[in-house]
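Given the structure of chain C, go ahead and fit chain S onto it with the hints provided.
Number of protein chains: 2
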Amino acid sequence: MKLASLKGGRDGRLVVVSNDLAWFTPADAIAPTLQAALDDWANLEGDLRGLAESLEHGAVPRERFHEHDAASPLPRAYQWADGSAYVNHVALVRQARGAEMPETFWTDPLMYQGGSDGFLGPRDPIGLADEAWGLDMEGEIAVITGDVPLGAGRDEALAAIRLVLLCNDVSLRNLIPGELAKNFGFFQSKPASAFSPVAVTPDALAGWRDGKLHGALEVELNGQPLGCADAGVDMTFDFGTLVAHAAKTRALGAGTIIGSGTVSNRSQDGGAGKKVTDGGVGYSCLAELRTIETLAGGAPKTPFLRPGDVVRIEMRDARRHSLFGAIEQEVAAV
Amino acid sequence: MKLASLKGGRDGRLVVVSNDLAWFTPADAIAPTLQAALDDWANLEGDLRGLAESLEHGAVPRERFHEHDAASPLPRAYQWADGSAYVNHVALVRQARGAEMPETFWTDPLMYQGGSDGFLGPRDPIGLADEAWGLDMEGEIAVITGDVPLGAGRDEALAAIRLVLLCNDVSLRNLIPGELAKNFGFFQSKPASAFSPVAVTPDALAGWRDGKLHGALEVELNGQPLGCADAGVDMTFDFGTLVAHAAKTRALGAGTIIGSGTVSNRSQDGGAGKKVTDGGVGYSCLAELRTIETLAGGAPKTPFLRPGDVVRIEMRDARRHSLFGAIEQEVAAV
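If you read the sequences in order, they're chains C and S.
Position one of the first sequence corresponds to residue 460 (the working numbering), numbered consecutively onward.
Position one of the second sequence corresponds to residue 460 (the working numbering), numbered consecutively onward.
So that you can see chain C by itself, here it is in the shape it has in the complex:
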């Protein structure tokens, strides 16, 4: 089943989208918003699935689904916590700045609490007030959970995952060192993120297994491929483990979004990944590319994002059909 929130009001309007993303039918008769559906999932899931089936059969009124009419599936959420499950990415970035990475990073997930009071829509511009902040994208996979009890184990956590979606975790790289030095984590360095137009139940994703979403995450910058790393590869912590980590000392409310962190693959020889133009799978953020450039030549060559730049993040199935629709955002000076 595929769900989306059409723009309108603070929380959008819940619709069911056809598997091929061509059509939608309103779901407000079942739940006005996705949050309302998640709040009462046990009672409403069956009705939503029934509606999705009717949509596939053409048995209900339908309209054309346009991705640019969609807000993020949860236009605002009660929780957004982002892991850093592709430890390869962390190791690389640290290597470039000469910082050691603790061994525990391979066994104890990194996770930060993100702002969730307002997400950008998948086609909304990314407003940038100051180029010196070092704007970057981060291509990620994310999941939306139902209620998760305090202390849930990995299997219980995995079973609480309701939907899967893509994320652009917008980052202001040059604000990060100063904030991390203050020891309170990210805040100003993590402005509003954006999510894919459509969120999909795990059972409708052929690539979903063992708590990971297998498949290439296509990341483009200005129409050129930047990365196509496989989200199921080199993911040190699966989503069940990430959700359980978040629930270790507190229950998680329905509608909690948990992110994977920047998708990142090692190269086949186990070292740093190669650029797409060099036959590699490339990178899901500019920071990683700049790290590779620094390791190779002593300094980064690729600038951070500037007004006019366009970022696109998408995942397709074996037949090249888009699974979640595309995040496509232009950077705009504000």
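Be careful, since some hints might not be right.
Any copy will do: because identical chains look the same in the list, a pair fits if it lies in one copy or spans two.
[Claimed, not checked] With a Cα cut of at most 27 Å, we get these calculated DSS-like pairs of lysine-lysine:
hint, residue 1, residue 2
1, 707, 733
2, 707, 466
3, 707, 641
4, 671, 641
5, 466, 760
6, 760, 671
7, 733, 671
8, 671, 734
9, 671, 707
10, 760, 734
11, 733, 760
Just so you know, the hints here were simulated from the structure itself, not pulled from any lab data.
Just chain S now, kept in the frame of chain C:
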């Protein structure tokens, strides 16, 4: 005007409370929940204030207000970000562990993103799964904002403050060092916080001026006074500055809660505050008391909270009338 959310459902039921906290009248006819009221404040504030006035005059049906029937004013919120505006507190805690405090802490606010998907009610127990985690309370002042545009200055931020309330920012002290070492900020070390039964508009608080709430924050442990520091004293950053800090790189959605951090006063000679039993204003958390004990005797003497301990946080006016109702929570093993 004083507002509360009676327990019921995920978001409670909005009521207007009389100034003396004795009575309430339902406000659902105006807005079903506090979040709904904040979402459309410009249109609804007048009606809510009219209802509050009618309640004071006994002109509408009213019922007895019982604090233990109240949820936190926002039982869940889209954003909870906690500052550390009483820099004295930070300096002390660092001093005890021999860590230097950067000078910039006096000019650049500390703030972390907290979990907001589910708050404890003001009389709910604090569930503790493991005593070794080092459970502590933190007595704080907090504000709830309306929409705040990206890049808002201090005055604009101050004008966006809708409500003031008290907070117990529950902390797991022994999980903090490990999390801070990972550089991603607090996560597992900050389980669900609790807020006072009632939230109050700034105009109804005699102690509200210059973006600070003046008055003693009374913190008790097991019926004994632990602290009565003045929240208007030694607050390095006022709430206007804290909200503007949060809005530097992103807009804040209506219903954002911003906390002051642990209220803390220097002693009159400018040094570490004295215990209440030694004639001082004491402390709003155990960590600070333990710091004082460590500085005095080489090691802390007061243990962290254990099952059965009761924490109470309250603020009163000049006539000893409670302003927000009391947060009163017993620690319970889970």
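Going down the list of hints, with the structure as the test:
1. 707 with 733: Close neither inside one copy (37 Å) nor across copies (36 Å); limit 27 Å.
2. 707 with 466: Between copies only: 25 Å across chains, 35 Å inside a chain, cut-off 27 Å.
3. 707 with 641: both (25 Å within a copy, 17 Å between copies)
4. 671 with 641: between (33 Å within a copy, 24 Å between copies)
5. 466 with 760: neither (38 Å within a copy, 56 Å between copies)
6. 760 with 671: neither (33 Å within a copy, 47 Å between copies)
7. 733 with 671: within (23 Å within a copy, 54 Å between copies)
8. 671 with 734: So residue 671 and residue 734 pass the 27 Å test inside one copy only (24 Å; across, 53 Å).
9. 671 with 707: within (20 Å within a copy, 35 Å between copies)
10. 760 with 734: within (13 Å within a copy, 57 Å between copies)
11. 733 with 760: Within one copy, since 15 Å is at most 27 Å while 56 Å is not.
Violation of the numbered hints given earlier is confined to hints 1, 5, 6; the remaining hints are satisfied by the structure.
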